[in-house]
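Chains as they are written, first to last, in the working numbering: chain E, 806 to 1114; chain R, 806 to 1114; chain P, 806 to 1114; chain W, 806 to 1114.
There may be inaccurate statements among the hints.
The list treats identical chains as interchangeable, and a pair is accepted whether it falls inside one copy or across any two copies.
Mimicking BS3-like on lysine-lysine, the simulated pairs with C-alpha atoms at most 30 Å apart in a straight line are [claimed, not checked]:
hint, residue 1, residue 2
1, K1020, K896
2, K924, K814
3, K1062, K851
4, K1020, K1075
5, K920, K964
6, K814, K900
7, K1094, K896
8, K897, K964
9, K851, K920
10, K1075, K1016
11, K924, K851
12, K964, K1075
13, K920, K1016
No lab work stands behind these hints, which were simulated from the structure alone.
Since we're looking at a predicted model, the values are computed, not measured.
4 protein chains.
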Amino acid sequence: MCSRTMASKTPVGFIGLGNMGNPMAKNLVKHGYPVIVYDIFPEACKEFQDLGAQVTESPADVAERADRIITMLPSSPHAKEVYTGANGILKKVKKGSLLIDSSTIDPAVSKELAKAVEKMGAVFMDAPVSGELEGVGAARAGNLTFMVGGVEQEFNAAKELLTCMGSNVVYCGEVGTGQAAKICNNMLLAISMIGTAEAMNLGIRLGLDPKLLAKILNMSSGRCWSSDTYNPVPGVMEGVPSANNYQGGFGTTLMAKDLGLAQISATNTKTPVPLGSQAHQIYRMMCAKGYAMKDFSAVFQFLREEESL
Amino acid sequence: MCSRTMASKTPVGFIGLGNMGNPMAKNLVKHGYPVIVYDIFPEACKEFQDLGAQVTESPADVAERADRIITMLPSSPHAKEVYTGANGILKKVKKGSLLIDSSTIDPAVSKELAKAVEKMGAVFMDAPVSGELEGVGAARAGNLTFMVGGVEQEFNAAKELLTCMGSNVVYCGEVGTGQAAKICNNMLLAISMIGTAEAMNLGIRLGLDPKLLAKILNMSSGRCWSSDTYNPVPGVMEGVPSANNYQGGFGTTLMAKDLGLAQISATNTKTPVPLGSQAHQIYRMMCAKGYAMKDFSAVFQFLREEESL
Amino acid sequence: MCSRTMASKTPVGFIGLGNMGNPMAKNLVKHGYPVIVYDIFPEACKEFQDLGAQVTESPADVAERADRIITMLPSSPHAKEVYTGANGILKKVKKGSLLIDSSTIDPAVSKELAKAVEKMGAVFMDAPVSGELEGVGAARAGNLTFMVGGVEQEFNAAKELLTCMGSNVVYCGEVGTGQAAKICNNMLLAISMIGTAEAMNLGIRLGLDPKLLAKILNMSSGRCWSSDTYNPVPGVMEGVPSANNYQGGFGTTLMAKDLGLAQISATNTKTPVPLGSQAHQIYRMMCAKGYAMKDFSAVFQFLREEESL
Amino acid sequence: MCSRTMASKTPVGFIGLGNMGNPMAKNLVKHGYPVIVYDIFPEACKEFQDLGAQVTESPADVAERADRIITMLPSSPHAKEVYTGANGILKKVKKGSLLIDSSTIDPAVSKELAKAVEKMGAVFMDAPVSGELEGVGAARAGNLTFMVGGVEQEFNAAKELLTCMGSNVVYCGEVGTGQAAKICNNMLLAISMIGTAEAMNLGIRLGLDPKLLAKILNMSSGRCWSSDTYNPVPGVMEGVPSANNYQGGFGTTLMAKDLGLAQISATNTKTPVPLGSQAHQIYRMMCAKGYAMKDFSAVFQFLREEESL
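Given only the sequences and the hints, what does the whole structure look like? Please build it.
So, in structure tokens, the structure goes:
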């Protein structure tokens, strides 16, 4: 629930109207915010024009008209371009503006952007989103979780907007820690999903019934979200991608991307991540072998299925 | 609770009175069973003599005097020796005897032993124990979980005895599936523990507070037993080995041993286990680098600490 | 060349007439040795009957009639059966016999067999063969290399026979070291082959011409047999499996088997082999994905090719 | 040998006078080139002042005075700063200048720099150096190998200078391919070095004499530069770092850095490098465990030595 007075409802900019950005921006509209949008693909803006949003020509234009902006972009280079490019936000950002980046990017890039934003007298926060596992549906329903990094005094201002789009808004610490939390979670998720797939596959080959094995793991120390909530073995659970030929959910390509970010962060901080780097390689191989668009739990299928060339 | 009538309390043999076997056998005594014991180290038997148990000279002797026997041995070769060796159980086993092996061994060896036992007209079940994480304490309190493989009709007979030593007795399927369930669980446990250590370490290096990061993981898709119940980072939880310099718990050597069994099973069944095999190597390196006797959650320390030679 | 006097040409037993055993045994015949053969598949013996060899009914029969025996078997269990089984060599082996096992098996099993053989007053040597890379052709041409483990005083006696089948006969040390040398070589071979495939693939993707890259590697510190003699990239070299759709050569299944032996030896000796174990997993995955019968250099194709499901 | 006429000996700029840059620049002086130097540490320039070189205040200053410049810098960010920074080369570069970067950096950064240089009407080539294995000595003796990427027409001009510093100058292709060749070689080198260390360690544990095992590998398919020229096992060869407590040679930190570049390139091109990424993790762990300043062949020691905490 978002219970602000109309008084606070000055325009909010939104840049990046893709799969996740689209329903997020719509939730702002639903909550009564005047929204000023931009997307590199003009068609993505049309729908918002019909909803009464102002459509602009560039990130700079958005920055000229709104002093609160949310960005939702696919990668570090896109984020750099939108903030610091030739027609980027920083060309026209107003002093005191609040810029919230919900993209999942390298935390080191978040810190760079924050510095550049600060120089202009504005505030930057990173607020990547989890909940992509339930995908667009969760975004539509406003069921996302935001992990927020930035100056603590500005957290409440950010929370006001983020609460319209997500049910959980968690303060993580200084700039970049929102990204850090997301990246660490997804790295652990990838590792335990592959581990679950390996353990279930091995157990089945050793003669165990998959449902029984899942039950045993889930009452034991092997229990994890991937085994008890999102089991990758068809027939063990309902309502998860493994029950639906690995359609929907969180794509293997996206997982590979997040693991790439984890590797960059690990290299920058000289942190050993032996299983994290192996998980990265496995998801990369899966992308090359036809699993790119399947849910990341399809690693069970990748490890299990035998093919002949 | 074990509520048998005294009628059923014919003698029970117990072979292998080590760290786990000792408290298990004592629980049988407590439940009123006449116990006939053997251990390769005579001193291990003394205590039981004082408790009124009969002490024998060999596994064969035990088999001569008891038609229900429980074995608790450190490895596959020990188990082979106790069953099929020169003075092994099979030299004098009586027809119809029930032989329950609670050792953690290669499921293929369990199957071999089962075949040899069957030839003698007796019944073999594998019933490895989980709960070593809480260690000897859990064994003493009778809080173990037994995962049982073997002919289903004999399960109740086995359960009568196992219930005296463990609060959970789970039927897993044909012979060897008890071992399989245990091995799969522990492989997944090792993978998710290392994953948790990597993710926590990376997050801390990126500026996150460890307690906060654990909280975020535990409400997200990275959640696992290693993060929410047995967190490897000192200061995050109380009452776990990481809070006590990794004393107690489940030793790194034992984890390395179980991962070795998982590798053997994976090789026998040609199952790919890329993270499981890497986890095996990591625990092996830890054993060589001074972590052998520490709890397996010390992988966090191994990955985190910087040394100079 | 083998230049013994006929005096020494008492009968030689040969057990295991498969892909490699067949041409090896024929080379003994060519060198004038009376040969006494056994194979579990009677058809495999026919050809030898036509060549004047004596065909027997069991390994024990061979041992009864020959005091020098060569065995060439596919795996550890087969070797155990042939030596210590119900109709095994040891049932009728004569004192002072020389038993040479050219199978590639676990060195720990070689040691076990050696002990059993010694008890009967005979001599056991392990003498696995390299040169399978050139396959049956090398065996036919007598171009094999034998790596021999066993008592040094008996080495010359073994060499007399082995020289008829191979151009190189190397003494490695006590029993089991022949296997050890072979296993270590093949583990390093697998690692450097995968490394070559990764490096070539990465270089090509970064815009390098494959031939030029191979040339640079081969004059630099990355040089290895897999890059300079057996390059896995089609078009770089002629006369190697990569030039012929990965036909011929050393099959992926056989490499996976040898890597399994390396893993067992590493586990027994608690030796960390992080890349060796990963190489094992990669060849196992390749076996499952249709590469089983291709040469092991096809790992380049496995890593490079993009598929859609 | 460098046999240019004095006519061509217009001044050459040299930026970056560290361990490798220092002897490289001196070789230019020896060959009669007037040299204009800059280093971020003024002390590094002193020696060159005494040799008659002109010392400047910034990369821009160098660019103002020389139309051929060689740069030798420790990492991608340093290179970016020197070329495109506030006082960077591009601030004052003359049209038609030839800029040769001998740093080892991300090939994608080389391409970026090349684009920026081209916009100013100058020419950029990447020419990383191999031969660091023999280290400063090779640089001093002019025994380096340069791998050159850039427009082919300009290769001869670059070669004129590079030949003064290295005995081998190889044209690799378009901009970035010099880096690519270097990175691919070093990734394969790391993999085969670790593989050699694993194989030698396993063989020794299985009872083989290290010298004999090295000899066997070197006449077999496991042969590689790390086994036959730079063997990591003390006592096997003389004149290599393993014979001298792993002093000298190519430091573990530098190898970890190059493997990091390989990972970045692999991620950018979506190339699977399972062993390359594992090698990266192993060298990273070694850096944390006190091996940072030892030669990279010390991975043998890391894998072999047993410690107690």
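Reference check for the pair K897 and K964, CA-CA at most 30 Å: within, between, both, or neither? within (24 Å within a copy, 48 Å between copies)
K851 and K920: within-copy, between-copy, both or neither at 30 Å Cα: Neither way: K851 and K920 sit 33 Å apart in one copy and 36 Å across, limit 30 Å.
At most 30 Å between alpha carbons: which applies to K920 and K1016, within, between, both or neither? So K920 and K1016 pass the 30 Å test across copies only (27 Å; inside, 51 Å).
Within, between, both or neither: K920, K964 at alpha-carbon 30 Å: within (21 Å within a copy, 42 Å between copies)
Could you place K814 and K900 in one of the four classes (within, between, both, neither) given a Cα distance threshold of 30 Å? For K814 and K900, only the intra-copy Cα distance (19 Å) is at most 30 Å; the inter-copy one is 55 Å.
Since the copies are identical, ignore which copy is meant and state whether K924 and K814 lie within 30 Å (CA to CA) inside a copy, between copies, both or neither. Within one copy only: 26 Å inside, 46 Å across.
Using 30 Å as the alpha-carbon threshold, which applies to K964 and K1075: within, between, both, or neither? neither (33 Å within a copy, 37 Å between copies)
When Cα atoms must be at most 30 Å apart, do K1075 and K1016 count as within-copy, between-copy, both, or neither? between (40 Å within a copy, 22 Å between copies)
With identical chains treated as interchangeable, where does the CA-CA distance between K924 and K851 reach 30 Å or less: within a copy, between copies, both, or neither? Neither way: K924 and K851 sit 34 Å apart in one copy and 38 Å across, limit 30 Å.
How would you classify K1020 and K896 at a CA-CA limit of 30 Å: within, between, both, or neither? neither (57 Å within a copy, 39 Å between copies)
Same-copy or cross-copy closeness of K1094 to K896 [CA-CA at most 30 Å]: So K1094 and K896 fail the 30 Å test inside a copy (43 Å) and across (47 Å) alike.
Can you give me the call for K1020 and K1075, within, between, both or neither, at a CA distance of at most 30 Å? between (38 Å within a copy, 24 Å between copies)
Violation of the numbered hints given earlier is confined to hints 1, 7, 9, 11, 12; the remaining hints are satisfied by the structure.
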